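All chains, full assembly: derive it from the sequences and hints.
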Amino acid sequence: MSVHSSKVLRVLALAGMVAAFLLPAGSAQASASLRTHAEARGKFIGTALATGPLSNETSYRTIAGREFDQVTAENAMKWDATEPSQNQFTFSGADAVVNFATQNDQQVHGHTLVWHNQTPGWVQNLGATAMRDAMRNHISRVVGRYADNPAVVSWDVVNEVFEENGDFRRSFWYNTLGESFIADAFRAARAADPDARLCINDYNVEGINAKSTAMYDLVSELRGQGVPVDCVGFQGHLATQYGFPNDLQQNLQRFAALGVQVRITELDVRIQMPRSAAKDATQATYYRNVVNACLAVTACAGVTIWGFTDRYSWVPDTFPGEGAALIYDENYQAKPSYTAVHDALAGGTSTDTTPPTTPGAPSAGNVTSNTAALTWTASTDSGGSGLAGYNVYREQGANDTLLGQSTTNSLTLTGLTPNTAYQVYVRARDGAGNLSAGSPLGTFTTPSGPGGNGGCTAVGTVQNQWNNGYVVQPVTVTNTGTSAISGWTVTFTLPPGHTPAGSWNATLTVSGQTVTARNAGYNGNLAPNGSTTFGFQVSRPNGDTQTPSGYTCA
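Letter by letter, the sequence shown follows residues -30 to -1, 1 to 524 in mature numbering (1 follows the signal peptide of the UniProt record, and there is no 0).
No lab work stands behind these hints, which were simulated from the structure alone.
Because the structure is a prediction, the values reported are computed rather than measured.
Keep in mind that a hint or two might mislead.
[Claimed, not checked] The calculated label-pair distances, taken between Cβ atoms and stated as ranges, are:
1) T415 to A248: 30 to 38 angstroms
2) D137 to G317: 38 to 46 angstroms
3) L405 to S110: 53 to 61 angstroms
4) Q483 to Q366: 19 to 27 angstroms
Think of the CB as a built atom: it goes at the ideal place given N, C-alpha and C, for glycine as much as any other residue.
The following block contains the structure:
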(Lines of atoms letter the chains of each structure in order from A and count residues from 1; the text may use other names and numbers.)
(Lines give C-alpha, C1' and ligand atoms only; values in the text may rest on other atoms or scores of the structure.)
Protein backbone atom coordinates (compact mmCIF):
# COMPACT_ATOMS: atom_id res chain seq x y z
CA MET A 1 0.00 0.00 0.00
CA SER A 2 1.40 3.44 -0.87
CA VAL A 3 2.00 6.08 1.80
CA HIS A 4 -0.66 8.28 0.24
CA SER A 5 -3.37 5.62 0.13
CA SER A 6 -2.50 4.46 3.66
CA LYS A 7 -3.00 7.97 4.97
CA VAL A 8 -6.30 8.36 3.16
CA LEU A 9 -7.54 5.13 4.77
CA ARG A 10 -6.62 6.47 8.19
CA VAL A 11 -8.50 9.72 7.52
CA LEU A 12 -11.54 7.82 6.30
CA ALA A 13 -11.41 5.65 9.39
CA LEU A 14 -11.61 8.75 11.53
CA ALA A 15 -14.73 9.76 9.63
CA GLY A 16 -16.35 6.44 10.37
CA MET A 17 -16.38 5.63 6.66
CA VAL A 18 -14.37 2.43 7.00
CA ALA A 19 -15.83 1.19 10.27
CA ALA A 20 -15.84 -2.34 8.89
CA PHE A 21 -12.07 -2.07 8.41
CA LEU A 22 -11.71 -1.19 12.10
CA LEU A 23 -13.89 -3.97 13.47
CA PRO A 24 -12.07 -7.01 14.83
CA ALA A 25 -13.12 -10.46 13.72
CA GLY A 26 -14.73 -11.21 17.08
CA SER A 27 -16.41 -9.09 19.70
CA ALA A 28 -14.14 -7.27 22.12
CA GLN A 29 -13.65 -8.94 25.48
CA ALA A 30 -14.85 -7.06 28.56
CA SER A 31 -11.29 -7.06 29.97
CA ALA A 32 -9.67 -5.74 26.79
CA SER A 33 -7.90 -2.38 26.46
CA LEU A 34 -9.69 0.90 25.84
CA ARG A 35 -8.45 1.00 22.25
CA THR A 36 -9.76 -2.49 21.51
CA HIS A 37 -13.26 -1.56 22.64
CA ALA A 38 -13.13 1.82 20.88
CA GLU A 39 -12.09 0.26 17.59
CA ALA A 40 -14.90 -2.26 17.91
CA ARG A 41 -17.31 0.69 18.07
CA GLY A 42 -15.75 2.45 15.06
CA LYS A 43 -14.31 5.22 17.27
CA PHE A 44 -10.87 6.22 18.54
CA ILE A 45 -9.82 6.72 22.15
CA GLY A 46 -6.86 9.06 22.44
CA THR A 47 -4.53 10.78 24.86
CA ALA A 48 -2.21 13.77 24.90
CA LEU A 49 1.45 12.83 25.29
CA ALA A 50 4.17 14.77 27.11
CA THR A 51 7.64 14.20 25.69
CA GLY A 52 9.45 14.06 29.06
CA PRO A 53 7.79 10.95 30.52
CA LEU A 54 7.44 9.51 27.01
CA SER A 55 11.24 9.39 26.91
CA ASN A 56 11.95 8.50 30.52
CA GLU A 57 9.18 6.40 32.09
CA THR A 58 8.42 2.83 31.12
CA SER A 59 5.00 2.79 32.83
CA TYR A 60 3.98 5.91 30.94
CA ARG A 61 5.01 4.45 27.59
CA THR A 62 3.42 1.07 28.33
CA ILE A 63 0.00 2.48 29.23
CA ALA A 64 0.05 5.01 26.41
CA GLY A 65 0.76 2.32 23.84
CA ARG A 66 -1.56 -0.31 25.28
CA GLU A 67 -4.69 1.71 25.96
CA PHE A 68 -4.90 4.36 23.22
CA ASP A 69 -5.09 4.25 19.43
CA GLN A 70 -4.80 8.00 18.88
CA VAL A 71 -2.34 10.53 20.32
CA THR A 72 -1.95 14.30 20.39
CA ALA A 73 1.28 16.09 21.24
CA GLU A 74 0.50 18.07 24.38
CA ASN A 75 3.03 20.82 23.59
CA ALA A 76 5.62 19.51 21.11
CA MET A 77 3.81 20.66 17.96
CA LYS A 78 2.89 24.16 19.14
CA TRP A 79 4.53 27.21 17.57
CA ASP A 80 6.96 27.94 20.42
CA ALA A 81 8.22 24.35 20.24
CA THR A 82 8.54 24.09 16.45
CA GLU A 83 9.56 27.62 15.32
CA PRO A 84 10.90 29.55 18.34
CA SER A 85 12.82 31.91 16.04
CA GLN A 86 11.72 32.93 12.57
CA ASN A 87 12.49 30.23 10.01
CA GLN A 88 14.44 28.25 12.62
CA PHE A 89 12.45 25.03 12.88
CA THR A 90 12.97 22.18 15.32
CA PHE A 91 10.96 18.97 15.31
CA SER A 92 12.68 16.76 17.87
CA GLY A 93 9.71 16.65 20.26
CA ALA A 94 7.12 16.36 17.52
CA ASP A 95 9.07 13.60 15.82
CA ALA A 96 9.33 11.68 19.11
CA VAL A 97 5.52 11.66 19.41
CA VAL A 98 5.03 10.66 15.77
CA ASN A 99 7.64 7.90 16.03
CA PHE A 100 6.00 6.50 19.17
CA ALA A 101 2.61 6.53 17.43
CA THR A 102 4.05 4.76 14.40
CA GLN A 103 5.57 2.04 16.59
CA ASN A 104 2.23 1.50 18.34
CA ASP A 105 -0.08 1.73 15.30
CA GLN A 106 -1.67 4.96 16.52
CA GLN A 107 -3.13 7.93 14.69
CA VAL A 108 -1.64 11.38 15.39
CA HIS A 109 -3.67 14.57 15.72
CA GLY A 110 -1.50 17.67 15.27
CA HIS A 111 -2.00 20.41 17.88
CA THR A 112 -2.02 23.35 17.22
CA LEU A 113 -1.03 25.56 14.30
CA VAL A 114 -2.55 29.00 15.02
CA TRP A 115 -3.23 29.99 18.63
CA HIS A 116 -2.91 33.17 20.68
CA ASN A 117 -0.94 31.33 23.40
CA GLN A 118 2.50 29.69 23.20
CA THR A 119 3.31 31.75 20.11
CA PRO A 120 6.72 33.51 20.19
CA GLY A 121 6.95 37.25 20.58
CA TRP A 122 8.58 37.65 17.20
CA VAL A 123 5.30 36.58 15.58
CA GLN A 124 3.16 38.87 17.72
CA ASN A 125 5.21 41.95 16.85
CA LEU A 126 4.94 41.60 13.05
CA GLY A 127 2.91 43.88 10.82
CA ALA A 128 -0.10 42.56 8.92
CA THR A 129 1.62 41.47 5.70
CA ALA A 130 4.59 39.91 7.48
CA MET A 131 2.36 38.18 10.03
CA ARG A 132 0.18 36.62 7.35
CA ASP A 133 3.25 35.44 5.46
CA ALA A 134 4.76 34.01 8.65
CA MET A 135 1.54 32.15 9.45
CA ARG A 136 1.35 30.61 5.99
CA ASN A 137 5.02 29.67 6.05
CA HIS A 138 4.73 28.10 9.51
CA ILE A 139 1.73 26.01 8.48
CA SER A 140 3.40 24.96 5.26
CA ARG A 141 6.57 23.82 7.03
CA VAL A 142 4.95 22.09 10.02
CA VAL A 143 2.07 20.37 8.23
CA GLY A 144 4.23 19.71 5.20
CA ARG A 145 6.80 17.84 7.28
CA TYR A 146 4.24 15.13 8.03
CA ALA A 147 2.13 15.29 4.87
CA ASP A 148 3.54 11.99 3.60
CA ASN A 149 3.43 10.28 6.99
CA PRO A 150 0.37 8.00 7.22
CA ALA A 151 0.26 8.31 11.01
CA VAL A 152 -0.46 12.07 11.06
CA VAL A 153 -4.07 12.29 9.92
CA SER A 154 -5.52 15.53 11.32
CA TRP A 155 -4.68 19.00 12.68
CA ASP A 156 -6.12 21.66 14.96
CA VAL A 157 -5.65 24.49 12.49
CA VAL A 158 -6.99 27.35 14.62
CA ASN A 159 -7.56 27.18 18.35
CA GLU A 160 -9.75 29.19 20.76
CA VAL A 161 -10.85 32.10 18.60
CA PHE A 162 -13.95 33.07 20.62
CA GLU A 163 -14.67 34.83 23.91
CA GLU A 164 -17.27 33.41 26.30
CA ASN A 165 -19.98 35.77 24.98
CA GLY A 166 -19.47 34.61 21.40
CA ASP A 167 -17.42 37.62 20.23
CA PHE A 168 -14.16 37.01 18.41
CA ARG A 169 -11.22 36.93 20.80
CA ARG A 170 -9.22 40.16 20.48
CA SER A 171 -5.94 38.27 20.09
CA PHE A 172 -2.93 39.64 18.26
CA TRP A 173 -4.07 37.54 15.28
CA TYR A 174 -7.49 39.19 15.17
CA ASN A 175 -6.25 42.68 16.00
CA THR A 176 -3.65 42.57 13.23
CA LEU A 177 -5.34 40.49 10.53
CA GLY A 178 -9.04 40.52 11.35
CA GLU A 179 -11.29 37.50 11.01
CA SER A 180 -9.72 36.55 7.67
CA PHE A 181 -6.74 34.84 9.34
CA ILE A 182 -8.96 31.86 10.12
CA ALA A 183 -9.88 31.10 6.51
CA ASP A 184 -6.30 31.78 5.39
CA ALA A 185 -4.96 29.28 7.94
CA PHE A 186 -7.30 26.53 6.77
CA ARG A 187 -6.46 27.11 3.12
CA ALA A 188 -2.73 27.02 3.90
CA ALA A 189 -3.14 23.75 5.79
CA ARG A 190 -5.09 22.17 2.93
CA ALA A 191 -2.36 23.20 0.50
CA ALA A 192 0.29 21.67 2.77
CA ASP A 193 -1.53 18.34 3.15
CA PRO A 194 -4.56 17.70 0.92
CA ASP A 195 -5.36 14.46 2.78
CA ALA A 196 -5.33 15.65 6.40
CA ARG A 197 -8.54 16.39 8.28
CA LEU A 198 -8.61 20.05 9.37
CA CYS A 199 -10.27 21.11 12.62
CA ILE A 200 -11.28 24.19 14.57
CA ASN A 201 -11.02 23.70 18.32
CA ASP A 202 -12.27 25.52 21.44
CA TYR A 203 -13.20 25.15 25.11
CA ASN A 204 -16.51 25.80 26.93
CA VAL A 205 -18.39 24.90 23.75
CA GLU A 206 -19.55 21.48 24.93
CA GLY A 207 -23.08 22.71 25.65
CA ILE A 208 -25.35 24.93 23.58
CA ASN A 209 -24.46 28.48 24.58
CA ALA A 210 -23.39 31.80 23.10
CA LYS A 211 -19.83 30.62 22.47
CA SER A 212 -20.75 27.32 20.81
CA THR A 213 -23.42 29.04 18.72
CA ALA A 214 -20.86 31.58 17.52
CA MET A 215 -18.59 28.70 16.49
CA TYR A 216 -21.54 26.96 14.82
CA ASP A 217 -22.28 30.11 12.81
CA LEU A 218 -18.60 30.54 11.86
CA VAL A 219 -18.23 26.94 10.68
CA SER A 220 -21.41 27.25 8.64
CA GLU A 221 -20.17 30.49 7.10
CA LEU A 222 -16.69 29.19 6.31
CA ARG A 223 -17.96 26.01 4.72
CA GLY A 224 -20.39 28.05 2.69
CA GLN A 225 -17.39 29.99 1.36
CA GLY A 226 -15.56 26.79 0.44
CA VAL A 227 -13.05 27.04 3.29
CA PRO A 228 -11.87 23.47 4.10
CA VAL A 229 -13.14 23.13 7.69
CA ASP A 230 -13.52 19.36 8.05
CA CYS A 231 -14.15 18.94 11.75
CA VAL A 232 -14.94 20.69 15.01
CA GLY A 233 -13.15 19.92 18.28
CA PHE A 234 -14.91 20.27 21.65
CA GLN A 235 -12.13 20.35 24.24
CA GLY A 236 -14.04 19.07 27.27
CA HIS A 237 -12.11 20.57 30.19
CA LEU A 238 -14.85 19.90 32.75
CA ALA A 239 -15.12 20.46 36.51
CA THR A 240 -17.54 18.61 38.75
CA GLN A 241 -18.49 21.72 40.75
CA TYR A 242 -19.94 23.40 37.67
CA GLY A 243 -22.24 20.59 36.54
CA PHE A 244 -22.30 18.51 33.38
CA PRO A 245 -23.35 19.97 29.98
CA ASN A 246 -26.41 17.77 29.52
CA ASP A 247 -27.00 19.04 25.98
CA LEU A 248 -23.58 17.82 24.80
CA GLN A 249 -25.04 15.15 22.53
CA GLN A 250 -27.54 17.61 21.01
CA ASN A 251 -24.73 20.08 20.44
CA LEU A 252 -22.54 17.50 18.72
CA GLN A 253 -25.48 16.53 16.53
CA ARG A 254 -26.26 20.08 15.42
CA PHE A 255 -22.65 20.57 14.30
CA ALA A 256 -22.71 17.19 12.57
CA ALA A 257 -25.72 18.42 10.57
CA LEU A 258 -23.39 20.98 8.98
CA GLY A 259 -21.52 18.10 7.36
CA VAL A 260 -18.45 18.19 9.61
CA GLN A 261 -16.88 15.52 11.77
CA VAL A 262 -17.01 16.22 15.51
CA ARG A 263 -14.72 14.98 18.26
CA ILE A 264 -13.88 15.48 21.94
CA THR A 265 -10.30 16.71 21.88
CA GLU A 266 -8.99 17.52 25.38
CA LEU A 267 -11.15 15.75 27.95
CA ASP A 268 -10.37 15.96 31.65
CA VAL A 269 -12.65 16.28 34.68
CA ARG A 270 -11.11 18.14 37.60
CA ILE A 271 -12.36 17.94 41.17
CA GLN A 272 -11.90 20.13 44.21
CA MET A 273 -9.18 18.47 46.26
CA PRO A 274 -8.82 16.29 48.23
CA ARG A 275 -10.13 13.23 46.44
CA SER A 276 -12.91 11.16 47.95
CA ALA A 277 -14.94 8.15 46.85
CA ALA A 278 -17.95 10.36 46.19
CA LYS A 279 -15.91 12.78 44.07
CA ASP A 280 -14.37 9.88 42.15
CA ALA A 281 -17.87 8.53 41.43
CA THR A 282 -19.08 11.89 40.13
CA GLN A 283 -15.97 12.23 37.99
CA ALA A 284 -16.53 8.74 36.58
CA THR A 285 -20.09 9.69 35.66
CA TYR A 286 -18.86 12.72 33.73
CA TYR A 287 -16.36 10.62 31.79
CA ARG A 288 -19.04 8.03 31.03
CA ASN A 289 -21.48 10.69 29.87
CA VAL A 290 -18.96 12.21 27.46
CA VAL A 291 -18.07 8.86 25.91
CA ASN A 292 -21.73 7.90 25.60
CA ALA A 293 -22.54 11.21 23.91
CA CYS A 294 -19.84 10.57 21.31
CA LEU A 295 -20.98 6.99 20.80
CA ALA A 296 -24.52 8.23 20.16
CA VAL A 297 -23.47 10.60 17.34
CA THR A 298 -22.36 8.89 14.14
CA ALA A 299 -20.19 11.83 13.07
CA CYS A 300 -18.25 11.83 16.37
CA ALA A 301 -14.89 10.25 15.53
CA GLY A 302 -13.74 9.68 19.09
CA VAL A 303 -12.58 11.05 22.42
CA THR A 304 -9.10 12.25 23.38
CA ILE A 305 -8.28 12.50 27.08
CA TRP A 306 -5.84 15.32 27.86
CA GLY A 307 -3.19 13.07 29.35
CA PHE A 308 -4.03 9.96 31.31
CA THR A 309 -2.18 10.08 34.64
CA ASP A 310 -2.54 12.63 37.44
CA ARG A 311 1.25 12.51 37.71
CA TYR A 312 1.38 14.73 34.60
CA SER A 313 -1.57 17.10 34.36
CA TRP A 314 -1.84 20.81 33.63
CA VAL A 315 -4.77 21.20 36.04
CA PRO A 316 -3.15 21.76 39.49
CA ASP A 317 -0.88 24.53 38.21
CA THR A 318 -3.75 26.29 36.44
CA PHE A 319 -6.57 25.76 38.96
CA PRO A 320 -5.23 26.01 42.54
CA GLY A 321 -7.00 23.61 44.88
CA GLU A 322 -8.24 21.43 42.01
CA GLY A 323 -6.78 18.34 40.37
CA ALA A 324 -7.00 14.54 40.07
CA ALA A 325 -8.58 15.14 36.66
CA LEU A 326 -7.49 12.03 34.76
CA ILE A 327 -8.29 8.31 34.60
CA TYR A 328 -5.08 7.03 36.28
CA ASP A 329 -3.76 8.36 39.57
CA GLU A 330 -0.23 9.68 40.11
CA ASN A 331 1.01 6.12 40.70
CA TYR A 332 -0.42 4.79 37.40
CA GLN A 333 -3.31 3.04 39.14
CA ALA A 334 -6.62 2.98 37.24
CA LYS A 335 -9.36 5.09 38.86
CA PRO A 336 -13.17 4.66 38.68
CA SER A 337 -13.11 7.05 35.73
CA TYR A 338 -11.01 4.51 33.80
CA THR A 339 -13.64 1.85 34.48
CA ALA A 340 -16.36 4.25 33.37
CA VAL A 341 -14.62 4.92 30.03
CA HIS A 342 -13.85 1.23 29.57
CA ASP A 343 -17.40 0.07 30.27
CA ALA A 344 -18.96 2.78 28.10
CA LEU A 345 -16.76 1.75 25.16
CA ALA A 346 -17.46 -1.91 25.88
CA GLY A 347 -21.17 -1.28 25.54
CA GLY A 348 -22.00 -0.82 29.19
CA THR A 349 -20.63 -4.21 30.22
CA SER A 350 -20.84 -4.42 34.01
CA THR A 351 -21.42 -6.93 36.76
CA ASP A 352 -22.98 -4.25 38.97
CA THR A 353 -26.50 -5.26 40.06
CA THR A 354 -26.65 -3.07 43.18
CA PRO A 355 -28.91 -0.02 42.81
CA PRO A 356 -28.00 3.33 44.39
CA THR A 357 -29.51 4.34 47.71
CA THR A 358 -32.90 6.07 47.67
CA PRO A 359 -32.65 9.85 47.28
CA GLY A 360 -34.43 12.29 49.58
CA ALA A 361 -37.83 13.81 48.86
CA PRO A 362 -37.64 16.64 46.30
CA SER A 363 -38.26 20.16 47.56
CA ALA A 364 -39.61 22.78 45.15
CA GLY A 365 -38.55 26.42 45.01
CA ASN A 366 -38.93 29.35 42.61
CA VAL A 367 -42.20 27.93 41.33
CA THR A 368 -43.73 29.84 38.41
CA SER A 369 -46.67 29.04 36.17
CA ASN A 370 -44.38 26.94 33.96
CA THR A 371 -41.26 26.06 35.98
CA ALA A 372 -40.13 24.72 39.34
CA ALA A 373 -36.61 24.28 40.77
CA LEU A 374 -36.24 20.95 42.60
CA THR A 375 -33.53 19.85 45.02
CA TRP A 376 -33.15 16.63 47.02
CA THR A 377 -30.69 14.76 49.23
CA ALA A 378 -28.14 12.93 47.08
CA SER A 379 -27.85 9.15 46.76
CA THR A 380 -24.72 7.03 47.05
CA ASP A 381 -23.67 4.01 44.99
CA SER A 382 -21.64 1.03 46.19
CA GLY A 383 -22.01 -1.31 43.22
CA GLY A 384 -18.87 -0.18 41.43
CA SER A 385 -20.32 1.47 38.30
CA GLY A 386 -20.74 4.87 39.92
CA LEU A 387 -23.69 7.17 40.45
CA ALA A 388 -24.80 8.35 36.99
CA GLY A 389 -27.64 10.73 37.86
CA TYR A 390 -31.33 11.00 38.66
CA ASN A 391 -34.74 10.64 36.99
CA VAL A 392 -37.62 12.88 38.13
CA TYR A 393 -41.16 11.55 37.70
CA ARG A 394 -44.66 12.91 38.14
CA GLU A 395 -46.87 10.63 40.26
CA GLN A 396 -49.95 9.83 38.12
CA GLY A 397 -50.99 6.37 39.25
CA ALA A 398 -50.23 3.68 36.67
CA ASN A 399 -48.71 6.05 34.09
CA ASP A 400 -46.05 8.12 35.85
CA THR A 401 -44.40 10.65 33.53
CA LEU A 402 -40.63 11.19 33.34
CA LEU A 403 -40.31 14.97 33.73
CA GLY A 404 -36.55 15.23 33.39
CA GLN A 405 -33.07 13.89 34.16
CA SER A 406 -30.08 15.38 35.97
CA THR A 407 -26.51 14.39 36.82
CA THR A 408 -26.70 16.36 40.09
CA ASN A 409 -29.20 16.42 42.96
CA SER A 410 -31.16 19.33 41.50
CA LEU A 411 -33.23 20.01 38.40
CA THR A 412 -35.32 22.88 37.08
CA LEU A 413 -38.51 21.56 35.51
CA THR A 414 -39.85 23.50 32.52
CA GLY A 415 -42.97 23.34 30.38
CA LEU A 416 -45.28 22.83 33.36
CA THR A 417 -49.01 23.56 33.17
CA PRO A 418 -50.22 26.70 35.01
CA ASN A 419 -52.56 26.36 37.98
CA THR A 420 -51.80 22.65 38.43
CA ALA A 421 -50.87 20.50 41.44
CA TYR A 422 -47.83 18.27 40.98
CA GLN A 423 -46.63 15.31 43.01
CA VAL A 424 -43.10 14.34 42.05
CA TYR A 425 -40.48 11.81 43.12
CA VAL A 426 -36.87 10.97 42.25
CA ARG A 427 -35.04 7.73 41.41
CA ALA A 428 -31.23 7.54 41.29
CA ARG A 429 -29.49 5.62 38.50
CA ASP A 430 -25.98 4.18 38.27
CA GLY A 431 -23.63 3.52 35.39
CA ALA A 432 -24.93 -0.02 34.94
CA GLY A 433 -28.51 1.17 34.53
CA ASN A 434 -29.74 0.14 37.99
CA LEU A 435 -32.49 2.39 39.42
CA SER A 436 -33.07 3.10 43.10
CA ALA A 437 -36.43 2.97 44.77
CA GLY A 438 -38.55 6.08 44.39
CA SER A 439 -38.02 8.88 46.87
CA PRO A 440 -40.83 10.17 49.08
CA LEU A 441 -43.18 12.49 47.20
CA GLY A 442 -42.66 16.21 46.95
CA THR A 443 -45.61 18.46 46.13
CA PHE A 444 -46.08 21.92 44.67
CA THR A 445 -48.70 23.84 42.71
CA THR A 446 -48.00 26.11 39.77
CA PRO A 447 -49.79 29.50 39.90
CA SER A 448 -52.00 30.89 37.13
CA GLY A 449 -50.34 32.11 33.97
CA PRO A 450 -49.49 35.79 33.42
CA GLY A 451 -52.43 38.12 33.04
CA GLY A 452 -52.94 40.93 30.55
CA ASN A 453 -52.95 40.72 26.82
CA GLY A 454 -50.65 37.76 26.37
CA GLY A 455 -49.77 35.94 23.20
CA CYS A 456 -46.85 34.74 21.13
CA THR A 457 -45.97 33.76 17.58
CA ALA A 458 -43.49 31.24 16.18
CA VAL A 459 -41.88 31.28 12.74
CA GLY A 460 -39.61 28.47 11.55
CA THR A 461 -36.95 28.53 8.82
CA VAL A 462 -35.43 25.47 7.13
CA GLN A 463 -31.70 26.12 7.41
CA ASN A 464 -30.46 23.18 5.35
CA GLN A 465 -31.72 19.84 4.12
CA TRP A 466 -30.44 16.69 2.47
CA ASN A 467 -31.84 13.50 0.98
CA ASN A 468 -33.13 12.02 4.23
CA GLY A 469 -33.24 14.87 6.70
CA TYR A 470 -33.18 18.57 7.42
CA VAL A 471 -32.49 21.18 10.09
CA VAL A 472 -35.01 23.86 11.05
CA GLN A 473 -33.23 26.84 12.60
CA PRO A 474 -34.14 29.30 13.77
CA VAL A 475 -37.65 28.89 15.03
CA THR A 476 -38.20 32.42 16.35
CA VAL A 477 -40.60 32.75 19.27
CA THR A 478 -41.86 36.31 19.90
CA ASN A 479 -43.98 37.65 22.75
CA THR A 480 -46.69 39.62 20.93
CA GLY A 481 -48.57 40.58 24.10
CA THR A 482 -48.31 43.55 26.43
CA SER A 483 -47.21 41.50 29.46
CA ALA A 484 -44.09 39.46 30.11
CA ILE A 485 -44.41 35.69 29.76
CA SER A 486 -42.50 33.12 31.81
CA GLY A 487 -42.85 30.17 29.44
CA TRP A 488 -43.94 29.22 25.94
CA THR A 489 -45.06 26.15 24.01
CA VAL A 490 -44.79 25.74 20.23
CA THR A 491 -46.62 22.97 18.39
CA PHE A 492 -46.26 21.84 14.80
CA THR A 493 -46.97 18.78 12.68
CA LEU A 494 -44.33 16.70 10.93
CA PRO A 495 -45.13 15.09 7.57
CA PRO A 496 -45.76 11.30 7.65
CA GLY A 497 -42.60 9.28 8.25
CA HIS A 498 -40.64 12.22 9.66
CA THR A 499 -39.12 11.86 13.14
CA PRO A 500 -37.13 14.33 15.29
CA ALA A 501 -33.41 13.52 15.53
CA GLY A 502 -32.34 16.23 17.98
CA SER A 503 -33.11 19.71 19.26
CA TRP A 504 -31.47 22.64 21.01
CA ASN A 505 -32.77 25.49 23.17
CA ALA A 506 -36.10 23.64 23.61
CA THR A 507 -37.43 20.31 24.87
CA LEU A 508 -39.44 18.27 22.34
CA THR A 509 -42.19 15.75 23.02
CA VAL A 510 -43.86 13.79 20.24
CA SER A 511 -47.37 12.36 19.91
CA GLY A 512 -47.88 10.75 16.52
CA GLN A 513 -46.74 13.41 14.07
CA THR A 514 -47.52 16.30 16.42
CA VAL A 515 -44.44 17.82 18.06
CA THR A 516 -44.58 20.04 21.13
CA ALA A 517 -41.55 22.24 21.85
CA ARG A 518 -41.28 23.80 25.30
CA ASN A 519 -38.82 26.42 26.43
CA ALA A 520 -35.61 25.49 28.18
CA GLY A 521 -34.98 26.74 31.70
CA TYR A 522 -33.03 29.75 30.43
CA ASN A 523 -35.19 31.11 27.57
CA GLY A 524 -38.80 31.01 28.81
CA ASN A 525 -38.97 34.58 30.12
CA LEU A 526 -39.84 37.02 27.34
CA ALA A 527 -40.66 40.69 27.76
CA PRO A 528 -43.28 42.25 25.46
CA ASN A 529 -41.84 42.20 21.91
CA GLY A 530 -38.99 40.03 23.19
CA SER A 531 -37.96 36.94 21.26
CA THR A 532 -35.81 33.83 21.47
CA THR A 533 -34.95 30.96 19.14
CA PHE A 534 -34.65 27.21 19.11
CA GLY A 535 -33.89 24.59 16.48
CA PHE A 536 -34.32 20.93 15.67
CA GLN A 537 -33.21 18.22 13.26
CA VAL A 538 -35.52 15.73 11.54
CA SER A 539 -34.98 12.43 9.73
CA ARG A 540 -37.25 11.62 6.80
CA PRO A 541 -37.66 8.93 4.12
CA ASN A 542 -35.22 9.07 1.21
CA GLY A 543 -36.53 11.23 -1.58
CA ASP A 544 -39.15 12.97 0.56
CA THR A 545 -38.78 16.76 0.27
CA GLN A 546 -41.54 17.81 2.66
CA THR A 547 -40.86 20.01 5.70
CA PRO A 548 -43.17 21.15 8.53
CA SER A 549 -45.16 24.38 8.47
CA GLY A 550 -47.83 26.08 10.56
CA TYR A 551 -46.13 26.69 13.91
CA THR A 552 -48.52 27.53 16.75
CA CYS A 553 -47.32 29.30 19.90
CA ALA A 554 -49.02 29.49 23.28
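>> Name the hints, by number, that the structure is in violation of.
In response: none
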